[in-house]
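Protein chains: 4
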Amino acid sequence: MKLWQGRLAADTDELAARLNRSLDFDSRLAPVDVAGSIAWTQALSKAGVLTEDEEQEIIQGLESVLEEIQQNTFEFLDSDEDIHTAVERGLTEKIGSLGGKLHTGRSRNDQVATDFRLWVKEALLRIDSMVLNLQKTLTQLAEVNHEVIMPGYTHLQQAQPVLLSHWFLSHLWPLQRDRMRLAFVFQETDVMPLGSAALAGTAYPIDRESLASALKFKQPSPNSMDAVSDRDFAVDFVYNAAVLGTHLSRLAEQLILFSSREFGYFELDDAYATGSSIMPQKKNPDMLEIVRSKTGQFNGHLITLLTMLKALPSVYDKDLQEDKPAVFACYDTLTLILPVMNGLLSTLKINQDNIKDALDPALMATDLADDLVKKGVPFREAYGAVAKAVRKAADLQTPLNELPLHHWQELHPAFDQNLYTVINPESAVTKRAVFGGTAPDSVKEQISLAKKCIMKVNQDQQ
Amino acid sequence: MKLWQGRLAADTDELAARLNRSLDFDSRLAPVDVAGSIAWTQALSKAGVLTEDEEQEIIQGLESVLEEIQQNTFEFLDSDEDIHTAVERGLTEKIGSLGGKLHTGRSRNDQVATDFRLWVKEALLRIDSMVLNLQKTLTQLAEVNHEVIMPGYTHLQQAQPVLLSHWFLSHLWPLQRDRMRLAFVFQETDVMPLGSAALAGTAYPIDRESLASALKFKQPSPNSMDAVSDRDFAVDFVYNAAVLGTHLSRLAEQLILFSSREFGYFELDDAYATGSSIMPQKKNPDMLEIVRSKTGQFNGHLITLLTMLKALPSVYDKDLQEDKPAVFACYDTLTLILPVMNGLLSTLKINQDNIKDALDPALMATDLADDLVKKGVPFREAYGAVAKAVRKAADLQTPLNELPLHHWQELHPAFDQNLYTVINPESAVTKRAVFGGTAPDSVKEQISLAKKCIMKVNQDQQ
Amino acid sequence: MKLWQGRLAADTDELAARLNRSLDFDSRLAPVDVAGSIAWTQALSKAGVLTEDEEQEIIQGLESVLEEIQQNTFEFLDSDEDIHTAVERGLTEKIGSLGGKLHTGRSRNDQVATDFRLWVKEALLRIDSMVLNLQKTLTQLAEVNHEVIMPGYTHLQQAQPVLLSHWFLSHLWPLQRDRMRLAFVFQETDVMPLGSAALAGTAYPIDRESLASALKFKQPSPNSMDAVSDRDFAVDFVYNAAVLGTHLSRLAEQLILFSSREFGYFELDDAYATGSSIMPQKKNPDMLEIVRSKTGQFNGHLITLLTMLKALPSVYDKDLQEDKPAVFACYDTLTLILPVMNGLLSTLKINQDNIKDALDPALMATDLADDLVKKGVPFREAYGAVAKAVRKAADLQTPLNELPLHHWQELHPAFDQNLYTVINPESAVTKRAVFGGTAPDSVKEQISLAKKCIMKVNQDQQ
Amino acid sequence: MKLWQGRLAADTDELAARLNRSLDFDSRLAPVDVAGSIAWTQALSKAGVLTEDEEQEIIQGLESVLEEIQQNTFEFLDSDEDIHTAVERGLTEKIGSLGGKLHTGRSRNDQVATDFRLWVKEALLRIDSMVLNLQKTLTQLAEVNHEVIMPGYTHLQQAQPVLLSHWFLSHLWPLQRDRMRLAFVFQETDVMPLGSAALAGTAYPIDRESLASALKFKQPSPNSMDAVSDRDFAVDFVYNAAVLGTHLSRLAEQLILFSSREFGYFELDDAYATGSSIMPQKKNPDMLEIVRSKTGQFNGHLITLLTMLKALPSVYDKDLQEDKPAVFACYDTLTLILPVMNGLLSTLKINQDNIKDALDPALMATDLADDLVKKGVPFREAYGAVAKAVRKAADLQTPLNELPLHHWQELHPAFDQNLYTVINPESAVTKRAVFGGTAPDSVKEQISLAKKCIMKVNQDQQ
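Chains as they are written, first to last, in our numbering: chain A, 18 to 479; chain B, 18 to 479; chain C, 18 to 479; chain D, 18 to 479.
No lab work stands behind these hints, which were simulated from the structure alone.
Mixed in with the good hints, there may be bad ones.
Which copy is meant is left open, so a pair is good if it fits within one copy or across any two.
Result set (DSBU-like, lysine-lysine): computed pairs, CA atoms no more than 30 Å apart in a straight line [unchecked claim]:
(1) Lys468 with Lys392
(2) Lys235 with Lys469
(3) Lys19 with Lys111
(4) Lys111 with Lys392
(5) Lys341 with Lys235
(6) Lys233 with Lys469
(7) Lys366 with Lys468
(8) Lys235 with Lys473
(9) Lys138 with Lys468
(10) Lys233 with Lys341
(11) Lys63 with Lys461
(12) Lys63 with Lys391
(13) Lys366 with Lys19
(14) Lys392 with Lys63
(15) Lys409 with Lys19
(16) Lys391 with Lys19
(17) Lys366 with Lys405
(18) Lys373 with Lys409
(19) Lys409 with Lys366
(20) Lys138 with Lys473
(21) Lys19 with Lys392
(22) Lys111 with Lys391
Treat the numbers as computed from the prediction; the structure is a model and nothing was measured.
Starting from the given sequences, assemble the full structure and let the hints guide the process.
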């Protein structure tokens, strides 16, 4: 059944109908579609368009259609263009021509916009709680490994010693921003288009404020043309997935590196690793690689939606139908990779010995320069002296802490025996005691802050 | 001068140095870079690293470097890698080796992150006020053209009559969402990285809370590794440009269409149109086309940043340097196209006669169906009868309002003479009187709401 | 079954396994996977690794597995990671431990690269023939409507009269470039990775030249590490889809415009149009809008693959697994929209009267300037005179061909009565008689050329 | 000066003019613009539109304009919209109103399309020769380091031993595909639009075949509407940059990894490394990171162009003007990063000892399985036995080659003392002797092939 039969003389071409049909992906909207239709039925009744009996009969019909869909006993037809059509057809088969009254004063344009927003709101909350779980795991890892010192990297070169807990937390805060962003999108999505009809507003005296309440929307949309046209919330959803995915890709990359034989800091639990079909010795971080790769999928869907929206000529153009596959795919991927990352981190084996062995004495070069600064040497001059010492040590193939004092003093007279005590990772981290720094106490403070912050997001929306 | 001379034995290859150099684009950060360095100098002084005299001398030196840069008398050298290096070199040339103390406890990693955030915060406010101006113009156009009726379109086919003012406002609300998004990004950007040093936190006892206040940041960053690594605010900025640009592309597209000879609803003022080099009769909407095309640029820069960030292995990798050209380009484009769109709309000529002539009687088909509904016919049945009447009229090449009554009654007995009065655009719009609908009173209410809403965004940040 | 059981002590986490599993999308590779395995079996036999009996038994086993898969009687297990695993498991269930010899000297890395290339080669040929069909339809439309004159547009403003046939052909040549690009990718894909094993080359004395012949590849790959790593052919495939999709989006856009009430040049056949659920009069070009929208999908998949490939650290990383969903989706979309566009164009109704009525006399403005040029007036001066006449006519609201002569002569003395005969679409098109121009004879020549060119592409690959 | 003054009554708004103006980026087209205009002048003369004297005077005027531009003495005006306007204005200032004859029968639409193609053709050849240089360096590195054995990686885990030369060559072949792609785009670009005028073809009897020859184009375009509309060559150019950039990002990533302290295989020459502003010990691979990051820029420009082209409604829309910044930016980046990568590779220090020390005995696990296969054990069974031995060794924290024989024999009776000789990298690589494999002789053969192939591309276009 097409809802619009009558206007056109001929049947739709078979391939054209297949191209046009959205049922394959929008059937997952069934529960929200029926919820929207029930609220609409009640609104029509309040507006005097339906009698109370009609209202009851339609609602029961809708509920029984939904039940069939959820129990997989509903028979979808090839001619059902979309979930809205299928539900209306199912309803009419159940309650007869009264079913034809449901679509009074409503268009699929405002119906699908409403359904989709209902779905996205739920999806946002579900993702938020999964990100929260990941944050909790990171907090726990930070607590458990509080005083382990590791080399901190910039440019993939050892830079300065940092606490491993500081590193774990450095991946928690990006997730916090992700959750703030999700909460923002929730607010944006929380606007009800229903009652906008095709584009001009419904011609029936519907109380849109109370309809919004019934569907748990914060408010009705202020402009009917914008309401059926707006897909900002969908693009925002996918954009958030892209940024969240990017954060996860950085975490995954670092886990892959640190689990390589050459770094050797971590070992993945066997439940989160795979082997090779030909090389019996291999233990591979496939899941982390797929997480890294999914960034491409998120970025791709973002481009899909932005390209789709460019320069649309009307209030509603069918182009908009392509919004859902992108959003659904991002949701499905996120709700898979987030728990996998969580499980993988929870079971991660940390090789403290390897981490300790990896610390290069040259990591304390900045501290050596700072030490001269304390004696009144301008930083830039102190820097230069230490830099030359590092080069000297490299030329002599000597670890920095074994370079004899006379070499140091040739480079700057202010160096003395004390420099060898400066070359010490523990004191190096302890000195970085500012708010946000890597000193054990600073990180302890940070853990407390993190615990508080992660519980505060999104509280009023749950 | 390189800040890191001493460690490496050889000079940088000339092309490699050119590739590495960011001065060509980051020199516009000079004012915020100096502001950041002054605040840092004060913080070092408070921390006892500098004497008050040193503090004063450095600050005066920095101010005079900035003055020279702003008056174009500062001589940049090929060897200046970036604006930070150039400023530090300029300072040292002015005040001697004392200049070498400025960089104590600070890294370019936290310096550039701070500079960039300061710059982005200003940029967000400037864009916000330009979008507000555009909203004001749309409100004015809605007020002035309050009761003009135009065909509303879906699928680029005439759908239902709407008020022209309703159409203008349908482009105001997307801009409102853009401004909410900008305000959100402002908050996110309002976090100070300074004091994070290279990655581990500064080793000097800097009071980061008061440093943040001095630079008008809401708070210092909670994790030094995240602080130098985070570019979310930059991607968010570019994403917002992409969505705003997409909204403008839809407006531009519709203005192009409506200014074509075939629609004829609008005429661009000559100040916002161009001609052809070969066809003397042409009056072309070039600026609107460029606005439409800029969507591509925004989307492109978004992909640039998201690709750049994927899977970075360290806390700070030089890849991040590519963040600024994208943000600057989006800013430059937005601050050009927003006022142009504003000027173009302010001077738009509206051809009310053409708009009126364009209204097809078939636009009232939904009203005809609704009319049967009032008589108790289920909507789907009423729809079918009207659809067939439309087809009949098309076959007979007759306007719908001239199709004789007997044809109607053959299709459904409930039709009567009254249908000819239903085919009336004025009554069609008046019926859509719900909140958000196209009825004159509803639109008047919407105008008031819009005026209130657009003044409320961002109030506390200005 | 995992092919790599034994190395790891624990089972894979359930969600991790689901994330890792590619069977949902790679099962369509079954026929090429089995073809590749049969060829590999023969190669192993030639190399003395299998006896002839073993070879026969394995091949029969593989054929019967494929048959079951194709008849949907093959039972896939949750533990089958991918199609390769499923086939090897199925084989071993049929022929016992001999099945375990199939994977000798081969890795899934070279296996999947081979499978995928076999699949892509077939896909390219199928798409090519669909594009060819569309070109044939455009040629036919050009022939049938050879002398119909329409307004040619630039900037969506009427520019100069052109032949409708010229317009149809202007959409044929981009498709010709698409087919050249497809043919190029075919050549690039026509290289066999098999025998590369995991990365280093197989340790068995396989004759890769003859193996390539057996699988109808032009040549074996020259570097085993590159062979398992290279996905250029997949990105090229998706890129070609994106450019082809872009061409179709431009055609779709113009068909949408020209089918609007305001242009009225074309009417879609009812088999390629849809209606509205609420507005009984609507006839909507939904399929064209979806074609336009699919550009977003193609561009998105392109970004997916390019992002995926960025900066991969090894020869083979699991990231590469994401290559197939993108390619398959592009193929599925193209093989749907190409025949739909073909059907839609074949049945398009052309309203010659509307097209004729739309021609604005001002379209001949260039010809008026050219006419002065013939009298020795420099083009730029002639242009200026005509431009002013057009403005005069606009101010007087007079069609250009009704502007009295004295106005013209005030603007330039070289104008005379003859100018009114210049304002004639037929003579305007006839004058553009260069190769590639819109004159009827030029277009006739173009049609012949097009017919020849479209048959020449890809001849040797079919 | 605007070329189209006269038609419009008012001056262009200042910001609108700035938005519309392309001179800032298209002035680099000056040489090809003048070359195109000279050829056009000659064609007009042949067609009888200009006398020979006029022809000479115009050509001399154009040449002197170009000379001024190239010597930076040409004064561009704010009112020059684009390079075409500036050149025509300059010409007219030199030779008076005769300059106004140059634009006869030509439009900026076909002029800019011609200019741009001329420019792109040169750019393609220049890039090709830079890629060739990089290939030569890789070949040399492969020759010099022919027999060095390194761990080959998949999933960033050591997989099998390979020759370092094989690894270098694995980065040569992707570049070979890039050059094939560039050669393909050259052919596609080698089509002349000139003579298409605005869209309908020039109305003057120009011999386009001989005009094409004069400008060294292979052929004139077959359809004037397509000719001014087609930007496929520009998108193809940027796409090629994106794929080439992706290949370079993979090479850069691996060089970054292998230059880290943890891998230690390579050391960058000081001329291709940088330091830190705060950490004196750092030696950073900034240039490689920027190369990796530029992938984002290329992908971004690709999306810019694809988005720009989506659904353009006319033959020529001003949107197309955005084509050039993207192409120019990609060219400028490529011509910087290609020589930098070449220099960096040419000067790379290879630490053979570190590479040798890194080889894990477990790299020979496949060989151990293959050894059982020789004794008749099915590969899958042999694989399982070795996998368990690897796990045993890991549990006992013993290198695989030190695991006592009895453990092996518990896992499979076919193991014997010989297994310890199989654990040998030299014999492991030597066994992979197929075409494309890593055996020293195979790689020697590959080097010869590579040398031949890289000289063959593009020969006829130079």
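Quick rundown of the hints versus the structure:
Taking CA atoms no more than 30 Å apart as the test, Lys468 paired with Lys392 passes in neither setting, with 40 Å inside one copy and 60 Å between copies. For the homomeric pair Lys235 and Lys469, the shortest alpha-carbon distances inside one copy (27 Å) and between copies (18 Å) are both at most 30 Å. When the C-alpha separation of Lys19 and Lys111 is checked against a cutoff of 30 Å, the pair qualifies only within one copy, where the shortest distance is 18 Å, while the shortest distance between copies is 49 Å. Taking the shortest alpha-carbon separations for Lys111 and Lys392, only the inter-copy value of 24 Å comes in at or below 30 Å, while the best intra-copy value is 90 Å.
Taking the closest pair of Cα atoms, Lys341 and Lys235 come within 30 Å of each other only inside a single copy of the chain (23 Å); across copies the shortest separation is 38 Å, beyond that limit. With identical chains, the CA atoms of Lys233 and Lys469 are at most 30 Å apart both within one copy (28 Å) and between copies (25 Å). In this assembly of identical chains, the alpha carbons of Lys366 and Lys468 lie at most 30 Å apart only when taken from the same copy (23 Å versus 48 Å across copies). In this assembly of identical chains, Lys235 and Lys473 lie within 30 Å of each other by CA distance both inside one copy and across copies; the values are 21 Å within and 18 Å between.
For a Cα distance limit of 30 Å, the shortest separation of Lys138 from Lys468 qualifies both inside one copy, at 25 Å, and across copies, at 28 Å. Only within a single protomer do Lys233 and Lys341 lie at most 30 Å apart by alpha-carbon distance; the minimum there is 22 Å, versus 41 Å between protomers. For the homomeric pair Lys63 and Lys461, the shortest alpha-carbon distance between copies (25 Å) is at most 30 Å, but the shortest distance inside one copy (58 Å) is not. Taking the shortest alpha-carbon separations for Lys63 and Lys391, only the inter-copy value of 15 Å comes in at or below 30 Å, while the best intra-copy value is 79 Å.
Within a single copy, Lys366 and Lys19 get their C-alpha atoms only as close as 58 Å, which misses the 30 Å cut-off; across copies the closest is 23 Å, which meets it. Taking identical chains as interchangeable, the C-alpha atoms of Lys392 and Lys63 lie at most 30 Å apart only when they sit on different chains, with a minimum of 18 Å there against 83 Å within one chain. Taking identical chains as interchangeable, the C-alpha atoms of Lys409 and Lys19 lie at most 30 Å apart only when they sit on different chains, with a minimum of 20 Å there against 82 Å within one chain. With identical chains, the CA atoms of Lys391 and Lys19 are at most 30 Å apart between copies only, with a shortest distance of 24 Å across copies and 82 Å within one.
Taking the closest pair of Cα atoms, Lys366 and Lys405 come within 30 Å of each other only across two copies (21 Å); inside a single copy the shortest separation is 39 Å, beyond that limit. Proximity of Lys373 and Lys409 under a CA criterion of 30 Å is satisfied in both settings, with 25 Å inside one chain copy and 26 Å between copies. Proximity of Lys409 and Lys366 under a CA criterion of 30 Å is satisfied inter-copy only: 18 Å between copies versus 38 Å inside one chain copy. For the identical chains of this complex, Lys138 and Lys473 are neighbours both inside a copy (18 Å) and across copies (25 Å), given an alpha-carbon limit of 30 Å.
In this assembly of identical chains, the alpha carbons of Lys19 and Lys392 lie at most 30 Å apart only when taken from different copies (24 Å versus 85 Å within one copy). Proximity of Lys111 to Lys391 under the C-alpha cut-off of 30 Å is restricted to the inter-copy arrangement: shortest distance 24 Å between copies versus 86 Å within a copy.
Of the hints listed earlier, the one the structure fails to meet is number 1.
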